[in-house]
Amino acid sequence: MNERPSFLLDGDEVPFEPGQTVMQAALAAGRYIPHLCYHPEFTPHGSCKLCTARINGRLMAACTTPAETATEVESETEELNDLRRTLVQMLFAEGNHFCPSCEKSGNCVLQALGYDLGVMTAGFRHFFPDRPVDASHPEILLDFNRCILCELCVRAAREVDGKHVFSLAGRGLGKHLIVNAESGRLADTDVKVTDKAVEVCPVGVILRKRVGFATPIGARRYDKSPISAQALADAPRPLERNHD
Amino acid sequence: MSTLPLETAAHPEQLRRVVIEPLSRVEGHGKVTLLLDEDGHVEQARLHIVEFRAFEKFIQGRPYWEVPVMVQRLCGICPVSHHLAACKALDQVVGATTVTPTADKIRRLMHYGQILQSHALHFFHLSSPDLLFGFGSDVARRNIVGVAAAYPDVARQGVLLRKYGQEVIRHTAGKRIHGTGSVPGGVNKSLTAAERDELQKDIYQMIAWSRDAVRLVRQLFEQDLATYRGFGTFAARTLSLVRADGAMDLYHGGLRAKHADGGTIFDHVDYGHYWEQISEEVKAWSYMKFPYLRALGHEDGWYRVGPLTRVTRCDFIPTPLADRERREFMAFDDGRAALSTLGFHWARMIEMLHAAESIKDLLHDGDLLGTDLMAGGKRQARGVGVIEAPRGTLIHHYRVDENDQVVRANLIVSTTHNNHAMNIAIREVARQYLDGRTLTEGLLNHIEVAVRAFDPCLSCATHAVGKMPLSVELLDADGAVADSMVRG
Chain A
1 MNERPSFLLD GDEVPFEPGQ TVMQAALAAG RYIPHLCYHP EFTPHGSCKL
51 CTARINGRLM AACTTPAETA TEVESETEEL NDLRRTLVQM LFAEGNHFCP
101 SCEKSGNCVL QALGYDLGVM TAGFRHFFPD RPVDASHPEI LLDFNRCILC
151 ELCVRAAREV DGKHVFSLAG RGLGKHLIVN AESGRLADTD VKVTDKAVEV
201 CPVGVILRKR VGFATPIGAR RYDKSPISAQ ALADAPRPLE RNHD
Chain B
1 MSTLPLETAA HPEQLRRVVI EPLSRVEGHG KVTLLLDEDG HVEQARLHIV
51 EFRAFEKFIQ GRPYWEVPVM VQRLCGICPV SHHLAACKAL DQVVGATTVT
101 PTADKIRRLM HYGQILQSHA LHFFHLSSPD LLFGFGSDVA RRNIVGVAAA
151 YPDVARQGVL LRKYGQEVIR HTAGKRIHGT GSVPGGVNKS LTAAERDELQ
201 KDIYQMIAWS RDAVRLVRQL FEQDLATYRG FGTFAARTLS LVRADGAMDL
251 YHGGLRAKHA DGGTIFDHVD YGHYWEQISE EVKAWSYMKF PYLRALGHED
301 GWYRVGPLTR VTRCDFIPTP LADRERREFM AFDDGRAALS TLGFHWARMI
351 EMLHAAESIK DLLHDGDLLG TDLMAGGKRQ ARGVGVIEAP RGTLIHHYRV
401 DENDQVVRAN LIVSTTHNNH AMNIAIREVA RQYLDGRTLT EGLLNHIEVA
451 VRAFDPCLSC ATHAVGKMPL SVELLDADGA VADSMVRG
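Listed in order, the protein sequences are those of chains A and B.
Mapped onto this note's numbering, the consecutive letters of the first sequence carry residue numbers 1 to 244.
Mapped onto this note's numbering, the consecutive letters of the second sequence carry residue numbers 1 to 488.
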C-alpha cells in the first residue's frame, strides 16, 4: 500500500512529497502538464499560465500551487487545452516569431508547444514589433522582438549566475526586457556567454553569436520527440528525489 | 544593336490598351500591357513586374548567419540558389576563402538537385502543355493534367524527375524546400552511407529520362521547324559563369560576356567586383530594374542569361552525355536552334541531363561522407556570391559590420538580368502573331509562351489546374472598358 500522500490528477493518483508543487509531483510521476516559464532549477514564477489547471474547481497555476492531499486536479481537458492554445497564439501575436528564418526553430519551446498543443492558426492579428536588435556584445545577440516575458533569463541570472543582468520594465502592453547597464547595451553588462541566463532562453531572444543553423534539421531538440515527451524524460526521477 | 521600337508608343493616349494580368502568382507578379491602334497594330508592348519584395531592405540589421535561410524565401521554386549564393558571399565574410571538399561537394550536390527539379518542373509542368498541344490549343486541357491524360509517360517522368531532385535537396539541406544545410563557412551535414545509397539507386533512371527529355524537345523542333526557329527570336548579348577552362560550371566560375555574334566582351572576370562590369537602370513602369553592361551603356548593354546562354556560350559541358547533346543542339538547323527563344527549352533539358550526370558522379565521391564540414579565416566586411541558378546568373552581395549585422545587401536575380530580353521577346511575338489581328485567348497565350521560355516564376499561374487566372480588358481611348474577357 502506498503510504505517501497523493492527489488526483485527471482521475489518477499522483504521489507527492511535502513541499512539492502540483507540477513537480506530476512530472516526477510521469504526468505531463504543459508549461513554458516553469523550469526545475529556478523558483516557480507562474506568469505564462500555460500550466493552468482546474484544482478543486478553481483555475490555478500548477507550477506554483503546493501539492496537497484531498486535491482533485484536472489538466488534460479540451477546455484547458483550448485556453492553452489561445495563450500560445497570444504569445506568437505579440512578437516577431518568424519560424521559417529563426535559428531557434526546432529548439524553440514556444514553437514546440504550438506543435504539441495543435495550434493550427495565428488566431490574432500580429503586433509586428520593431525593436532594435542589440548586437553590441561580442559573443551574444539579443533580438527583443521575440521576447515572451517569461523571466527565465532574469531568474537564471539571479539564482544561478549570481548577477543582475536582465529585468522587465514597463507595464501592460509596454512591458519589455531590459539589460542592467546605463547605456542599455548588453556589451556594458557583466554577462558571459557561459552564463545560465544565456543558455535558458526558451525562444530566440538570447542567442550565442555565430552558431545560427549549425544543427541540421532532424537533429534539433524537438525534431526527435515532442516537448511533452522530453519534459517527462528530463524530470527528476523519484529515486533521485529521495536522495535529496 | 537597336531594340525593337515597341517599348514606348509615340501617342499612347490614342491607343487601345490590352492587359494580360496576372502572368504569375509567385515571385514577381507580372502583367503584360499592349497598346493597339484602331486597326489592331501593336504600338507598344511591355512586361511589368509589379510586386515589391524589399528583401534587400528588411535583412538590414539581421545577423549575417540568418541570411542564407531568410533570403531563400524569395522563391519557392529555386530557394536553394538563393541559399547557396548567400552562403558563398558570407563564406568570404567569415574568411572561408575555400570551403572543405566535403562542404563544396555537398553544396554542389544540393545545387544539381535544384537544377534537376526546377528544370523538370518548368519543362514538364509549366511549358510542355504549350509545346505538346500547341500555343493556341484548347485552354481546358493546356495544363499538366491534360498532359497526363494525353502523354502519361511524359507526365510521369516529369513528376518523378522533379521528385528525385527534391530528394537530393532533402538529404543535403534537411528539407525539400527551404532547408538549412549550407551555412557560412561550410555545411551542417554530410551524407550518410544510407542516404547516398538511396540516391544512387535511381540516378541511372534519371539520366535516361533526362536524355529522353532532350530528344523530345528535338522532335518538337523537327516537327515545326519554322515556328520553333523564329518564335520570339532575337539576337542578344549574353552573360554567364564559366569554369577557368571554359567548361560549364553552374556552381562557381568567372563571368563571361559575349556579343550576339559570339565575340568576347569580357571573360573569366572575378565576380567579386561585378559592379565594375554591370550596372542597373530603373524605369518608371516596372519595379524590376534593368541591368546592363557598363562598357556598352544602358541603351545597348542589355543581355540575356539562363540555360540557352550557358549551353551555347560555354566551351564544353564536363559530362559526356550532356556535351554530346550540346554539340547536336549547336549544329541543328545550321545553328539557328541555338539562337532561338524556344531553344531555351532544349538547352534547359541539356542542363537537366548535365545535372543528373553530375549527381551520379558526386554520389560516387567519398568526400560526400566526410566529416570536415566547416572552414574559417580572417573576417571580412564584404562578400559577393554568384551562382548559376536554374534561370540564370544570380548575384548576392552583402556588407556586414563589426557586430555581425548586415548593413547593406544587393541581390540581382536571374529574372532581373533577363528583364530587357523578355521585353524584347514579347515585342517580337506581338509583332509576329498579334499585330492587326482580333485578339483571342490563344493569341494572347503566345505572349506568355515567350515569357515562359525565360522564367517559370512568371508562368505557373496560367497553367494552374482549373480556372485560369487570366483576364483581359480592352479600353477605349478614354480609358473606359470597351470589352473584357476572363479565361477559365
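In short, the hints are calculated from the structure, not lab data.
The structure displayed is predicted, hence computed values, not measured ones.
For every residue, glycine included, the Cβ atom is placed at its ideal position computed from N, Cα and C.
Where hints are given, some of them may not hold.
[Stated by the list, open to error] Derived EDC-like pairs: lysine to aspartate or glutamate, alpha-carbon spacing no greater than 16 Å straight-line:
#, chain 1, residue 1, chain 2, residue 2
1, A, K209, B, D404
2, A, K209, B, D401
3, B, K360, B, D202
4, B, K175, A, D223
5, A, K209, B, E402
6, B, K57, A, D130
7, A, K49, A, D130
[To be verified] Covered, in the sense of this in silico footprint (three residues per stretch, anywhere, with C-beta under 8 Å from a C-beta of chain A), are these stretches of chain B:
#, stretch
8, 63–72
9, 171–179
10, 217–226
Cross-check of the supplied hints:
1. A distance of roughly 8 Å separates the Cα atoms of K209 of chain A and D404 of chain B; the hinted pair therefore holds under the 16 Å criterion.
2. Annotation: proposed proximity of K209 of chain A to D401 of chain B holds, straight-line Cα distance about 14 Å (limit 16 Å).
3. Of the supplied pair hints, the one linking K360 of chain B and D202 of chain B holds, its CA atoms being roughly 10 Å apart against a limit of 16 Å.
4. Under the criterion of a C-alpha separation no larger than 16 Å, the hint pairing K175 of chain B with D223 of chain A is consistent with the structure, at around 12 Å.
5. Using a Cα cut-off of 16 Å, the hinted pair K209 of chain A and E402 of chain B holds, with the two alpha carbons roughly 12 Å apart.
6. Restraint check for K57 of chain B and D130 of chain A: the C-alpha separation of about 14 Å stays at or below 16 Å, so the hint holds.
7. A threshold of 16 Å between alpha carbons decides the hint, and for K49 of chain A with D130 of chain A the separation of about 26 Å lies outside it, so the pair is violated.
8. Beta-carbon proximity to chain A at under 8 Å applies to 6 residues in the stretch 63–72 of chain B; the threshold of 3 is reached and the given coverage holds.
9. Counting residues of the stretch 171–179 of chain B whose CB lies closer than 8 Å to any CB of chain A gives 5, so the stated coverage by that chain holds, three being the minimum.
10. With a cut-off of 8 Å between beta carbons, the stretch 217–226 of chain B has 0 residues touching chain A; three or more are needed, and the interface restraint is violated.
Hints 7 and 10, counting from the list given before, are not met by this structure.
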